[in-house]
Amino acid sequence: GENVEQHPSTLSVQEGDSAVIKCTYSDSASNYFPWYKQELGKRPQLIIDIRSNVGEKKDQRIAVTLNKTAKHFSLHITETQPEDSAVYFCAASDSNYQLIWGAGTKLIIKP
Amino acid sequence: KAGVTQTPRYLIKTRGQQVTLSCSPISGHRSVSWYQQTPGQGLQFLFEYFSETQRNKGNFPGRFSGRQFSNSRSEMNVSTLELGDSALYLCASSTNRGPYEQYFGPGTRLTVT
Numbered sequence: 001g002e003n004v005e006q007h008p009s010t011l012s013v014q015e016g017d018s019a020v021i022k023c024t025y026s027d028s029a030s031n032y033f034p035w036y037k038q039e040l041g042k043r044p045q046l047i048i049d050i051r052s053n054v055g056e057k058k059d060q061r062i063a064v065t066l067n068k069t070a071k072h073f074s075l076h077i078t079e080t081q082p083e084d085s086a087v088y089f090c091a092a093s094d095s096n097y098q099l100i101w102g103a104g105t106k107l108i109i110k111p
Numbered sequence: 001k002a003g004v005t006q007t008p009r010y011l012i013k014t015r016g017q018q019v020t021l022s023c024s025p026i027s028g029h030r031s032v033s034w035y036q037q038t039p040g041q042g043l044q045f046l047f048e049y050f051s052e053t054q055r056n057k058g059n060f061p062g063r064f065s066g067r068q069f070s071n072s073r074s075e076m077n078v079s080t081l082e083l084g085d086s087a088l089y090l091c092a093s094s095t096n097r098g099p100y101e102q103y104f105g106p107g108t109r110l111t112v113t
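These protein sequences, in sequence, are chains A and B. For the first sequence, this note's numbering begins at 1 and goes up steadily by one. For the second sequence, this note's numbering begins at 1 and goes up steadily by one.
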């Protein structure tokens, strides 16, 4: 079945710098790749998603890239701010449309 | 539209007891998924219901069960509670069979003593 690996587990960056989180998946039939942000004590919320017919998608400071050949996708956050501190989860849909989740990345923004 | 709601928000149970958690999806959403989240851990998938049918199931023991009603509201039940069942239980609803964005509820914090 589908397996999603997410790296790194913790990422610490200086405020204003960029952050990149990477995920790899195993099922070549996967066609939907969302990224969720979970702030401390809150519910996960979708921040950006991409489908397999698109290579890149951007929303202000956030972008996601997808490499179907290599089966990996990445979240890019530019000009990081304190409010970007959270746990980020990637996911990939399997052939049954179930979302398979990565283990999460704790992003720490240093002032 | 009202968001996903879960009741109760907090629950304390004793080992060996059983518990039922409830999830009301966003109006019009027919898919409800349940997740277990322990401190510092990711989202462990329990099961997904769509139009009252369980369509996907994670790797949890049979003590964990669920159901969905005709109005798409869903319940999950945990029987014979163990200390390790202490966790945040999240449900998420989606408009269709998938894959689409999942909207999460606030969760039910279950503590087993």
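Rather than coming from a laboratory, the hints here were simulated on the basis of the structure. Everything numeric in this text was worked out from a predicted model, so none of it was measured. Backbone N, C-alpha and C define an ideal beta-carbon position, used for all residues, glycine too. Do not take every clue at face value.
The calculated lysine to any residue pairs, modelled on SDA-like cross-linking and capped at a C-alpha distance of 25 angstroms, are [to be verified]:
{"#": "1", "chain 1": "A", "residue 1": "42", "chain 2": "B", "residue 2": "11"}
{"#": "2", "chain 1": "A", "residue 1": "42", "chain 2": "B", "residue 2": "58"}
{"#": "3", "chain 1": "A", "residue 1": "110", "chain 2": "B", "residue 2": "87"}
{"#": "4", "chain 1": "A", "residue 1": "106", "chain 2": "B", "residue 2": "87"}
{"#": "5", "chain 1": "B", "residue 1": "1", "chain 2": "A", "residue 2": "45"}
{"#": "6", "chain 1": "A", "residue 1": "106", "chain 2": "B", "residue 2": "45"}
{"#": "7", "chain 1": "A", "residue 1": "42", "chain 2": "B", "residue 2": "7"}
{"#": "8", "chain 1": "B", "residue 1": "13", "chain 2": "A", "residue 2": "43"}
{"#": "9", "chain 1": "A", "residue 1": "22", "chain 2": "B", "residue 2": "1"}
{"#": "10", "chain 1": "B", "residue 1": "13", "chain 2": "A", "residue 2": "78"}
{"#": "11", "chain 1": "A", "residue 1": "68", "chain 2": "A", "residue 2": "78"}
{"#": "12", "chain 1": "A", "residue 1": "42", "chain 2": "B", "residue 2": "110"}
{"#": "13", "chain 1": "A", "residue 1": "106", "chain 2": "B", "residue 2": "1"}
{"#": "14", "chain 1": "A", "residue 1": "42", "chain 2": "B", "residue 2": "100"}
Chain A is nowhere near these chain B residues, computed Cβ spacing over 10 angstroms in every case [to be verified]:
{"#": "15", "residue": "53"}
{"#": "16", "residue": "75"}
{"#": "17", "residue": "103"}
{"#": "18", "residue": "110"}
Not close to chain B: a few residues of chain A, all C-beta gaps over 10 angstroms, as computed [what the hints assert, rightly or not]:
{"#": "19", "residue": "16"}
{"#": "20", "residue": "18"}
{"#": "21", "residue": "19"}
{"#": "22", "residue": "28"}
{"#": "23", "residue": "43"}
{"#": "24", "residue": "44"}
{"#": "25", "residue": "59"}
{"#": "26", "residue": "62"}
{"#": "27", "residue": "98"}
{"#": "28", "residue": "104"}
{"#": "29", "residue": "108"}
Results of checking the hints against the structure:
1. A:42 with B:11: Given pair residue 42 of chain A, residue 11 of chain B holds - Cα atoms ~17 angstroms apart, limit 25 angstroms.
2. A:42 with B:58: Within the cut-off at roughly 23 angstroms; holds.
3. A:110 with B:87: violated (29 angstroms)
4. A:106 with B:87: holds (19 angstroms)
5. B:1 with A:45: holds (16 angstroms)
6. A:106 with B:45: holds (20 angstroms)
7. A:42 with B:7: holds (16 angstroms)
8. B:13 with A:43: The hint holds at about 23 angstroms.
9. A:22 with B:1: Given pair residue 22 of chain A, residue 1 of chain B is violated - Cα atoms ~33 angstroms apart, limit 25 angstroms.
10. B:13 with A:78: violated (44 angstroms)
11. A:68 with A:78: holds (23 angstroms)
12. A:42 with B:110: holds (16 angstroms)
13. A:106 with B:1: violated (31 angstroms)
14. A:42 with B:100: holds (21 angstroms)
15. 53: holds (13 angstroms)
16. 75: At about 19 angstroms from chain A, residue 75 of chain B clears the 10 angstroms cut-off, so the statement holds.
17. 103: Nearest chain A Cβ is 8 angstroms from residue 103 of chain B, so the label is violated.
18. 110: The assertion about residue 110 of chain B holds, with a minimum of 16 angstroms to chain A.
19. 16: holds (28 angstroms)
20. 18: Fine: 24 angstroms to the nearest Cβ keeps residue 18 of chain A off the interface.
21. 19: holds (19 angstroms)
22. 28: The assertion about residue 28 of chain A holds, with a minimum of 15 angstroms to chain B.
23. 43: The assertion about residue 43 of chain A is violated, with a minimum of 4 angstroms to chain B.
24. 44: violated (5 angstroms)
25. 59: holds (14 angstroms)
26. 62: Given a closest Cβ separation of 15 angstroms, the condition holds.
27. 98: violated (4 angstroms)
28. 104: violated (5 angstroms)
29. 108: Fine: 14 angstroms to the nearest Cβ keeps residue 108 of chain A off the interface.
In this structure, the earlier hints numbered 3, 9, 10, 13, 17, 23, 24, 27, 28 are contradicted, and the remaining ones agree with it.
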